[in-house]
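**Q** Residue numbers (this note's numbering), protein chains in the order written: chain F, -15 to 114; chain P, 229 to 496.
For the record, the hints were derived by calculation from the structure and aren't laboratory data. Wrong hints could be hidden among the right ones.
[To be verified] Facing chain P, from chain F, some residues (calculated, C-beta under 10 Å):
hint, residue
1, 3
2, 13
3, 56
None of these values were measured; they are calculated from a predicted model. For each residue, glycine too, the CB sits at the ideal point set by N, CA and C.
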Amino acid sequence: MSLENLLQVYCYIALTVIIVMSLYGIVRGLSLTKKLIALTIFGDTANALMIYVGFRLGEEVYVPVMPTLSPSLEDIAWFASVAVDPVPQCLVITAIVINMAITMFLAFLIIQAFRLYGTTAVKKIARLRG
Amino acid sequence: MKGKDVVIGISAALLLVLVAVIVLLGGTAYTPSREIRPLAKFYLENCINLFNKDWWAASPEAVTSMLWDYRGIDTYYETSVFFLAIISGVALFRIAEIKLDAEGRKEEKELGLSIIVKTSTRIVFPLILIVSASVAFHGHLTPGGGFQAGSILAVGPLLLIAAFSRHFLEDRLRLTEDKCLTLRSVGLILIVLVIALPLITGAALLMLNQPKLWAPVSPFPAYVGPIWIAGTLFFLNVAEFLAVGAGFTLLFLLLSIPEEVFKRVLGL
């Protein structure tokens, strides 16, 4: 196995370790706030994984933006041979913004729960009646 | 409790081992490699192909052309998810409609952070606006677009709230929650109009950017005189910029309502 492959596998393992840790945080977090932090870590790691999958190896790697407005056929062929995969970037653009909106909504819910019950501890909230 | 922890630990370890095995056996065939997927190749080859305009999006930016043209409806639904989250936040904080009374409000000079922070914020704030506008208006030519520009724009009011105060935003800049809600709705209506305009002109295709084989006429040209606007992409980027920026500003305004107001309203 070459060094390149080894680094690839290392990246996958590192990202998966973070995902597993954040999942554990979501499931076993003691406070709602901690669960929310774990959720944001989970979302960001998923986005990083997506971008990583879309990367391209090679000596010359280019952003998926054509540098000219009137490309010749050679330009297009060059562009398609060096640009990174634009599909994951496209997914991540919207995912980041939506993540932020959902995070803020959950933060609103947690703030409101704290105002009403005076705690964000999951066990204490579960014990409340009425 | 102990047993639960053990089960969670074992399943997490299993997940890790499984992923490692899958990657080692080559289950993710197209990991970072020298070649990209055929789908990505199609987008890269067609986004600004002047020689075969059947599938082109008239934009040198492959990501934006995909976002608002090739998978446009998908982005539209993602936008609706985003605004559903914002609307839920507003609904949750609807008591905020109660007018914040002036009693007990401190002098403006006493609010906020020190004069150093305030002065540097005064310098940085216009720059944030300019950067966000440039990212939005060039979204179809350079990296960027409506979503990113809106997020950058929302940083401005957040900075003002932190450095000055919420009252500075409301009283001096007249940026109220109603205005944000209106701006956000204007952005969304613009998006819907741009999406539906091809239907009115008889193209019978939603979100038509450039003419396609079965829809030979498009109301949106690729360029107007010397200015490249890339069909619908420019308008959609600007509309999304307005909507996202105003939506996030609205959320920040709601988050910055003083705690005492809530305590009083909720009777706690």
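**Q** All hints are to be evaluated individually against the structure, with a verdict given for each.
**A** Here's how the hints hold up against the structure:
Hint status for residue 3/F relative to chain P: holds, with the closest Cβ pair at about 8 Å, below 10 Å. With a least beta-carbon distance of about 12 Å to chain P, the hint placing residue 13/F at the interface is violated under the 10 Å criterion. Because the smallest distance between the Cβ of residue 56/F and any Cβ of chain P comes to about 9 Å, under 10 Å, the interface hint for this residue holds.
Taken one by one, the earlier hints fail for this structure only at number 2.
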